[in-house]
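Chemist: Each chain, written out:
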Amino acid sequence: MKERNLTCIVCPKGCQIKVLFDGEGKIKEVLGYTCKRGEEYAITECTHPRRTVTTTMKTESGIVAVKTYGTVPKEDVFKVMDEINRTRITRDVKIGDVLIEDVAGTGVKVVATSEVQ
Amino acid sequence: MIKRIKKELVIVGGGPAGMSAAVAAYERGLRDILILERDNALGGILRQCIHNGFGLHRFGEELTGPEYAHRYIEKVLEYKIPYMLETMVTGIDKNRILTAQNCKEGIFEIEAGAIILAMGCRERPKGALNIAGTRPSGVYTAGTAQKYVNMKGYMPGKRVVILGSGDIGLIMARRMTLEGAKVECVCELMPYSGGLARNIEQCLNDFDIPLFLSHTVIEIHGKERVTGVTIAKVDENRRPIMDTARFIECDTLLLSCGLIPENELTRSAGITIDRVTNGAVVDGSRETDVKGIFACGNVLHVHDLVDYVSEEAEICACGAVDFIRGQAKGEADINIRTDGKVRYTVPRKLTEIKDTTLYFRVSDIFRDVRLTVKSADRVILSKKKQKLAPGEMETVTISADVIREIKNGEITVSLEA
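Chains as they are written, first to last, in the numbering used here: chain A, 1356 to 1472; chain B, 3 to 419.
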């Protein structure tokens, strides 16, 4: 039987999770997780992996830290970075402000996590 | 005549430890508080830690560093706790007189009822590593590079080798990659990583960045700018095996080789420093051996998680407030020894009979061991631990009942099979 070993990235514990697959490559069992979020992570990681992106964005008076509000598909991470790096903010920014509504067609917002540095 | 003011509680450092301590002291009813911060804003190192993963324990949600800091900054502002920015404390004496300076006030002194030391830590620099070779530009500590990228918007280089696999090094491997740099590899002197398992996964494996364990950088090349480094495998005594040496072309070397608590002020007050943690020796309330001076956060011992820094700062603030109010303690006087496998505990001393959590680190990776607390060769507490690693701080709680059983004023914390 096919299996895959994962390190959970949901929290600092970093649980070692084992995912077992059946003959058709479908998930049969998830072992080793210690919380609900860990189980969800393992399933997502084996079907369509997603990541939160944190980076900075340029404004007229400096740079501001930002994050994707939720996860984006892992294969889109560099597309997300590209759009964030091409966008210039021309207004004042407060923590929590939405700076991009739908980044790189993922349907996920980009929000400010700091004031302008 | 130098101006002198009086304050009940003075907190040195406005990072996560200092702010958490200030907020906790306020919430216990203390009002005469002053935070002294040398930077131009509150928040400390969290300001440049723009990645997520903070606050899961504390707030039950995943925050970035600036967001975590913001939660406390908002409290400091809401409570109107006074703070001074761009203010450098240059000395503390054992009578709790601080000397500080800033552009507005010049040099001034503060007579403090109690002091909380919350100065944080700094990175081990290149000079402390004895790497051979030339001295070109392009060598940075990982935290300095992090400040350039995340706060100033500069890229320190395009092809990067990272020495040290502590969390900052791992986080910077991902950060540099996201911003378009090529990270050639991360070299780790030890046979295991000092960083969290999840950071190896999401910062290295996600981007196929190789981690070479038991490897180090033995030479830096380049005249004006780094042109490459020579790396080599090391033997069990951490000496390079020369026939494994190979050249890696790069323009940047980032160093993530350990953090050192910043204890110059602690020493100036004559406080005893623990040789393992490089932080003050403290009791359960985080009081040092100089009365009325307390310490918390990375200045006391380096933490992996800011959530634990906040927790420790709150314990520390309670101790400081009790001291200011003249509440006596000291019904116990117990020293805590360790066996070397357990490298240290914080606290190092118990002075009160109440449930106390010991924070500790181990010297190597251990599996299926028992963490054991002994008093006069009798086991008073034993806890099974599946896996212990040097990179992960652990805790064990000793109950008041167990503390009452302690004989000869001493316990030993050890790992047993």
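Since the hints were derived computationally from the structure, they do not count as laboratory data. We treat Cβ as the ideally placed atom computed from N, Cα and C, and that holds for glycine. It cannot be assumed that every hint is accurate.
Using C-beta positions, here's what the derived DEER-type ranges look like [to be verified]:
#1 Thr92(B) to Tyr1424(A): 39 to 45 Å
#2 Lys1413(A) to Ala43(B): 17 to 23 Å
#3 Gly1425(A) to Ile250(B): 33 to 39 Å
Chemist: Each hint should be assessed against the structure and marked as holding or not.
Modeler: Here is how each hint holds up against the structure:
no.: 1; hint: Thr92(B) to Tyr1424(A): 39 to 45 Å; result: holds, 44 Å
no.: 2; hint: Lys1413(A) to Ala43(B): 17 to 23 Å; result: holds, 20 Å
no.: 3; hint: Gly1425(A) to Ile250(B): 33 to 39 Å; result: holds, 37 Å
Consistency note: the structure conflicts with none of the earlier hints.
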